[in-house]
Amino acid sequence: MHPAFSVIFFTVASGAGFGLFSLLFIADFFKLGGSFSNDQLVGGGLIALSLVVFGLLSSTFHLANPKNAWRAFSRFRTSWLSREGVFAVVFMPLALIYLASIMFDAPQWLRVSSGFLTAVMAWITVFSTGMIYACLKTIRQWNTPLVPANYLALGYASGSLLLLLGAVVAGLDTTPYIAMAALIMAIAAVLKAIYYFWIRSPGLSPTINTATGLTRAKVKLLDTGHTHGTFLTQEFGFQIARQRASLLKAVVFVLGFAVPGLMLMWIFNQQGGQTAAIIAAFAGLAGAAVERWLFFAEARHVVNLYHGAQRC
Amino acid sequence: MRLGLVVDLDVCVGCHACAIACKEWNASGTIGPLSDYQPYGAEPSGVWFNRIRHYEMDEYPNNKTVNFPMSCMHCEDADCVTVCPTGASYKRPEDGIVLIDQDKCMGCNYCSWACPYGARELDRSSGTMKKCTLCVDRIYDLELPVEERQPACVLTCPAHARMFGDFDDPDSAVSRTVRERGGFPLMPELNYNPTNTYLPPRSRPVIPVDTKPRGGLKESIKQFANRLVRR
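Just so you know, the protein sequences line up as chains W and A, in that order. Reading the first sequence from the start, the letters are residues 441 to 752 in my numbering. Reading the second sequence from the start, the letters are residues 10 to 240 in my numbering.
Source of the hints: derived by calculation from the structure; they are not laboratory data. Treat the hints with care, as some may be off.
[What the hints assert, rightly or not] Rough simulated footprint, nothing fancy, chain A against chain W, three-plus residues with beta-carbon under 8 Å:
id: 1; stretch: 479-487
id: 2; stretch: 504-516
id: 3; stretch: 521-535
id: 4; stretch: 658-671
id: 5; stretch: 736-743
None of the values given here were measured: they were computed from a predicted structure. Every residue, glycine too, gets a C-beta built ideally from N, C-alpha and C.
Working from the sequences, and respecting the hints, build out all of it.
Right, dumping it as structure tokens:
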């Protein structure tokens, strides 16, 4: 699949935003590390919201006809893309109610219930983002429950690193934030490793034989029938060399998990270290971006069978 | 009604006439125009609803070239319709034709991702997705003589490799042909239940390519005599 940068930016930014907001509610509810002040909570919430909003805006850049984008909310009952849009829009007012209830010292029940609903809605939205890809039977690398699990885990991992940065800047006791980030990152790393292991073997997938129905003998492509590239080759023809993919997987684990993990230890031992927290957050986001690029680059659509691939 | 095509892989000669006739009709049809990019330039490309690929089956000397025209399969379980967030993609309940409402499409490409057959192509000039309409603006046109109320690709095919008809009617020409010739759908394992059906190439005796074995002494003397006489 052709990796579209607007979609990569969208999924990484909005994933981190949704993750940060949910974890911010947890930090607020359990008063982790001595608790953020109300102003700090609102500031963090606005940062998370702007990540979500910028992500959603950038996702419209890959539309060829954005003037009809408003119609995308209409097929909630069948389309995960539509569901994601609806949930993201429901998330916004809930998040604003939560932030307002913090700012204006609303009764505790309103603050907790709106915060909880916002966190749940964030989870559902990121799950829907993953399901956009996971529901496609045409791409075996995507058609697995590990995809929404990865989207959620990486979103929360980026969010937890941003939250840790906030805790360091605010001068809170960082231990609970370090523990939370370490746990979420460990889960994300394990899920990603299982995913990479899982997509290595083709399993029961369509072949050039089932694609052409000529199943009794070897089949090979003689001519694609087009002079130059088509929409199909431009959208689905992208291929990444196996070696390069392996190298990028190493980059995902080093940037996304190893560097932030080392920084977590650093912060834990030094009790402080803003630079370390900044490095951790940015390395985590960069790792997630590389992971997202690879997620698209490694996906092989079955239409490639009609362009000569023996299996996808 | 379940309208669709039968493609006979045994007789298709791979002339691309179906694709040309399709482009000619649909460029000015309900879904047109079908934009071309650099049609006379170095990298010609454009929107087509029919694409013909060419395959080789088995290996020499048992090999056979199979010409393979493909268009929208008008699937029973069309994921391209269910994944569409705007409702632009729809399947007509009355005849099963899958269409795209050009006024609603936002060009997100998601339906083309869901289609395993590569039937949907984005028109970069209008920013909308386009696909085979089964010539919906021809087959119901009462102004046309009855025998011409068929998709352009079917009418034009010089080898009669294409048939159009109702698959729900067990006695229609398409249903009978599919039964008799053992027609098959493409990629049935994905469970899209495509309506379009393909007829397999017939098996023919292999043409021998070995050189004839040399005879014994008698044969050599005979050949020698023959050569003398011919001189």
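Now the hints, each set against the structure:
1. Coverage of the stretch 479-487 of chain W by chain A is violated. Counting CB-CB distances below 8 Å, 0 residues qualify, and the rule asks for three or more.
2. Interface restraint, the stretch 504-516 of chain W with chain A: holds (11 residues with C-beta to C-beta distance below 8 Å; minimum three).
3. A stretch counts as covered by a chain when three or more of its residues have a beta carbon under 8 Å from one of that chain; for the stretch 521-535 of chain W and chain A the count is 3, and the coverage holds.
4. Proximity of the stretch 658-671 of chain W to chain A, defined as three or more residues with a beta carbon under 8 Å from a beta carbon of that chain, is established by the 14 residues found.
5. A stretch counts as covered by a chain when three or more of its residues have a beta carbon under 8 Å from one of that chain; for the stretch 736-743 of chain W and chain A the count is 3, and the coverage holds.
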